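Student: Line by line, the protein sequences give chains A and B. The working numbering applies: residue 4 is where the first sequence begins, and numbers increase by one. The working numbering applies: residue 4 is where the second sequence begins, and numbers increase by one.
In short, the hints are calculated from the structure, not lab data. Treat the numbers as computed from the prediction; the structure is a model and nothing was measured. Careful: at least some of the hints might be erroneous.
Listed next, with one range per pair, are the computed distances between beta-carbon atoms [as the list claims (entries may be wrong)]:
(1) B/V305 with A/S68: 48 to 58 Å
(2) A/A144 with B/D201: 41 to 51 Å
(3) A/T262 with B/D201: 45 to 55 Å
(4) B/D42 with A/L238: 31 to 41 Å
(5) A/A144 with B/A129: 54 to 64 Å
Covered stretches of chain B (in silico footprint by chain A; criterion: 3 or more residues with CB under 8 Å from a CB of chain A, positions within the stretch not fixed) [as the list claims (entries may be wrong)]:
(6) 61 to 71
(7) 83 to 90
(8) 248 to 254
Where is the CB? At the ideal position from N, CA and C, for every residue including glycine.
Number of protein chains: 2
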Amino acid sequence: MNQSAPEDGSRPTDEVASGPATTINEGMDEGALAEMIGDRDAGGCTEWVEATHGQEAVRALSRLSDEEREQLLAMVEPDVAAEVVERLPEPQAVDAIEHLDANIAAAILAEIPSDDRVDILKELDAPGAEAIICLMEAAEADDIRRMVAYDEDVAGGLMITEFLAFPTTATVSEVLRDLEANAEKYADFNITYTYVIDEAGALVGVVPLRRFLLARRGATLDTIMIPDPVRVTDLEPLVDLSIRFRDEPYMGLPVVDATGVLIGVVERSGVEHALAEESDEAYREALGIIGGEELRSMPLVVRSRRRLAWLSLNIVLNIIAASVIAMHTDTLEAVIALAVFLPIISDMSGCSGNQAVAVSMRELSLGVTRPSDLFRVLGKEIAVGVVNGIALGVLIGLVAFLWKGNPWLGGVVGAALTLNTMIAVSIGGCVPLALKGLKLDPALASGPILTTVTDLCGFLLVLTFASMALAKLT
Amino acid sequence: MNQSAPEDGSRPTDEVASGPATTINEGMDEGALAEMIGDRDAGGCTEWVEATHGQEAVRALSRLSDEEREQLLAMVEPDVAAEVVERLPEPQAVDAIEHLDANIAAAILAEIPSDDRVDILKELDAPGAEAIICLMEAAEADDIRRMVAYDEDVAGGLMITEFLAFPTTATVSEVLRDLEANAEKYADFNITYTYVIDEAGALVGVVPLRRFLLARRGATLDTIMIPDPVRVTDLEPLVDLSIRFRDEPYMGLPVVDATGVLIGVVERSGVEHALAEESDEAYREALGIIGGEELRSMPLVVRSRRRLAWLSLNIVLNIIAASVIAMHTDTLEAVIALAVFLPIISDMSGCSGNQAVAVSMRELSLGVTRPSDLFRVLGKEIAVGVVNGIALGVLIGLVAFLWKGNPWLGGVVGAALTLNTMIAVSIGGCVPLALKGLKLDPALASGPILTTVTDLCGFLLVLTFASMALAKLT
Chain A
4 MNQSAPEDGS RPTDEVASGP ATTINEGMDE GALAEMIGDR DAGGCTEWVE ATHGQEAVRA
64 LSRLSDEERE QLLAMVEPDV AAEVVERLPE PQAVDAIEHL DANIAAAILA EIPSDDRVDI
124 LKELDAPGAE AIICLMEAAE ADDIRRMVAY DEDVAGGLMI TEFLAFPTTA TVSEVLRDLE
184 ANAEKYADFN ITYTYVIDEA GALVGVVPLR RFLLARRGAT LDTIMIPDPV RVTDLEPLVD
244 LSIRFRDEPY MGLPVVDATG VLIGVVERSG VEHALAEESD EAYREALGII GGEELRSMPL
304 VVRSRRRLAW LSLNIVLNII AASVIAMHTD TLEAVIALAV FLPIISDMSG CSGNQAVAVS
364 MRELSLGVTR PSDLFRVLGK EIAVGVVNGI ALGVLIGLVA FLWKGNPWLG GVVGAALTLN
424 TMIAVSIGGC VPLALKGLKL DPALASGPIL TTVTDLCGFL LVLTFASMAL AKLT
Chain B
4 MNQSAPEDGS RPTDEVASGP ATTINEGMDE GALAEMIGDR DAGGCTEWVE ATHGQEAVRA
64 LSRLSDEERE QLLAMVEPDV AAEVVERLPE PQAVDAIEHL DANIAAAILA EIPSDDRVDI
124 LKELDAPGAE AIICLMEAAE ADDIRRMVAY DEDVAGGLMI TEFLAFPTTA TVSEVLRDLE
184 ANAEKYADFN ITYTYVIDEA GALVGVVPLR RFLLARRGAT LDTIMIPDPV RVTDLEPLVD
244 LSIRFRDEPY MGLPVVDATG VLIGVVERSG VEHALAEESD EAYREALGII GGEELRSMPL
304 VVRSRRRLAW LSLNIVLNII AASVIAMHTD TLEAVIALAV FLPIISDMSG CSGNQAVAVS
364 MRELSLGVTR PSDLFRVLGK EIAVGVVNGI ALGVLIGLVA FLWKGNPWLG GVVGAALTLN
424 TMIAVSIGGC VPLALKGLKL DPALASGPIL TTVTDLCGFL LVLTFASMAL AKLT
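Next comes chain A alone, as it looks inside the complex:
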């Protein structure tokens, strides 16, 4: 992650000896860092970053003001600043990089692993990102431009470009000499595999590191490599990658472009990380946090505006659905008890439908269901809808009957909830597949579509049934 980082899995003894990282500075004043930033005390800040770890560090860094964070990053050496950036939640990291001088930003990003670096650059506006990329080494800049162009959910967007590759004609002792000479540069590489490439850069073999331990020093790589290793193409989607890593105990897989040239390595941990991000996003979107994640340290105006955008859409959809009630106030006036059941039917249909949404989302991400399975899902959901719809309908019908002593009221309310539960689970099960098939975001759009349709249908069913049975209800 940075040039001064100690070799794999270790820290200098004196730091380790001072106790588990999470308790360091436990009692330290959270304002101390802000004070040092205010005093432009670069040495003190560097010391703080090196000495503070775990939740303490994350909390303190994420609670600085935007200006303080930018000052901190500009003040300390790039490798220390990179440590800070790696600890920040992504929105804050992006925001800070965006406001830094491009030269400083480029120096910091050079110290960050390629996949995290690309994640940040993708979030910047295009001219800002290009200004930073221009300042990097030409070869690195080309790598980065290529990676930024990939979607986040394909191998090319998930790979790292820190890998070892040698020509078929290299000898074991040449590789060992290279490893020794570039020990510092390779400190952050995952060198479990060494790849073997031909003159055109195409992947032709892999040498697991352990094979070097036992090989003759004079052997060339083509004699000790495993030829034609498993590889993935740069456009392989995340769901397929996740299945591959579930299938086999690979720690990483080489990524090749359409011509077979080795361009990166997708690691098991990178795939797991992308899956976690995807689930997080689905959760946030389902609960109405749209347009990127929100942290409470963000300015009120940003937080309010983003949330309000979502709420405004929903209130319009709600008003549209409720207009069905407005058109039936005569029925409602005649049977005022119905007003008690309208919110219940709206809420319960939302609950039933959301359950079906959750199952579809999970099956899509596990790869057991595809958009083309729409009718299978519909059949399965209708079955659940019939059972649960009847159960809930009988329950609410009984409550209505017992409350007012009128079996017709129970019948109207119960029948409406039964039917609407069937509608809700059908929509909830199918909409995510349909959206996915249309390349739209199912986590984002399923909720509003579901609740609007089920509210509309629910209100309509209750009030229509009631107007049909009006003579028996009054």
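Dock chain B against the given chain A, drawing on the hints supplied.
Tutor: Frame of chain A, contents of chain B only:
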């Protein structure tokens, strides 16, 4: 993953040569596997498992009936059965293992990496798990019993027990000989790090694999190891582990018990995987899939019953909230227009509150917020609640006013939504922290608490304000 698995990152050439794994058998009849199982054709099934990969394999295996899956696992060799188990979604894997003869189950589980093995054993009932564990090698059985006892969200529950450890006095050539002799056993080990232990088994050093490449064959490990390496204790929680791996580029960290004895290794990918599982679970629970994940291949009775348990709780809470309306039907009768706005206020307050829940959940999992930050969160949320509450209140108030031409109606409805939005975001922001502080599951319980309280308050506010302004409304 199994003894016949080829060395890291490779498959035999002939398989690779037959094209990318995901397209193999693309056109194959999905019923072919079921047919071979019916015919007890173990050879055919083995061939199918070896030749079919990616989504095709996952879909076909997960759509077998429970009986077919059990027959398949019992019929093929344990290493092939282990491949099947690894590809199945966890609930199906657990279910199949549960119904197998303990001897067969033990043989299959022996071929599965220790962390996945423990995940499955944890889901079995205690006697069933013990019956299987008893049949394993004594040393392995002890490891497993210890791992099963850990929570899933601490280092001990996330670690693998496949790691290399040698005494300080071992020489480089002894280690290399051991690696060679046990090449097959170690094929599934992540050997990026070799750990060094003292006579008591306590962790005293680490040797990155690359150091062996350049070391003298006669050197003892204590001369080439990095002493006192970073380690985590078995009870370190997931949130701290995730911050450590964000902080530093470790691929794995050694796990020690309270006495300093090395008991396992927690890998970066294992931590990322646990975070993904946690997000998935939060998403499922927020949408009402409770008690483990649901797949549509499960029997209807299981799916309906589980969903219904959640719906039954919610309908009771809904009836309680709606009883507020029932107690105010006189007001409602006088101003029937209010009935249109009750579902809107209920739904919008739920939306606003859920946004705050999502932000709290994310901040908890990032480690930037702790349960003790309750008042900070409350302050931040009230600010958003005031802004968004006024915006939504004015909007709905205007709609009410324009519809009925009565400014008092607009005032009642708008004031109720403004106030209830503030209540909703406060509850939504604080409840997850409070539940987390009480060691309860915030993803599960936040939703029902939120919607019940906000429905109750929302209905009460509208109807109370309306009864106060009744003279102006009619």
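Student: None of the hints should be skipped; say for each whether it holds.
Tutor: Hints, one by one, checked against the model:
1. For the pair B/V305 and A/S68, the supplied restraint of 48 to 58 Å holds, since their beta-carbon distance comes to about 52 Å.
2. In this structure, A/A144 and B/D201 meet the distance hint of 41 to 51 Å, their C-beta atoms being roughly 49 Å apart.
3. Hint check: A/T262 to B/D201, Cβ distance near 53 Å, so the stated range 45 to 55 Å holds.
4. Separated by about 39 Å at the C-beta atoms, B/D42 and A/L238 satisfy the suggested range of 31 to 41 Å.
5. The given range of 54 to 64 Å is respected by A/A144 and B/A129, whose C-beta atoms sit roughly 58 Å from each other.
6. Evaluation of the coverage hint for the segment 61 to 71 of chain B: fulfilled, as 4 residues show C-beta separations to chain A shorter than 8 Å, against a requirement of three.
7. With 3 residues having a Cβ less than 8 Å from any Cβ of chain A, the segment 83 to 90 of chain B passes the three-residue criterion, so the hint holds.
8. Only residues whose beta carbon comes within less than 8 Å of a beta carbon in chain A count, and the segment 248 to 254 of chain B has 6; three or more means the coverage holds.
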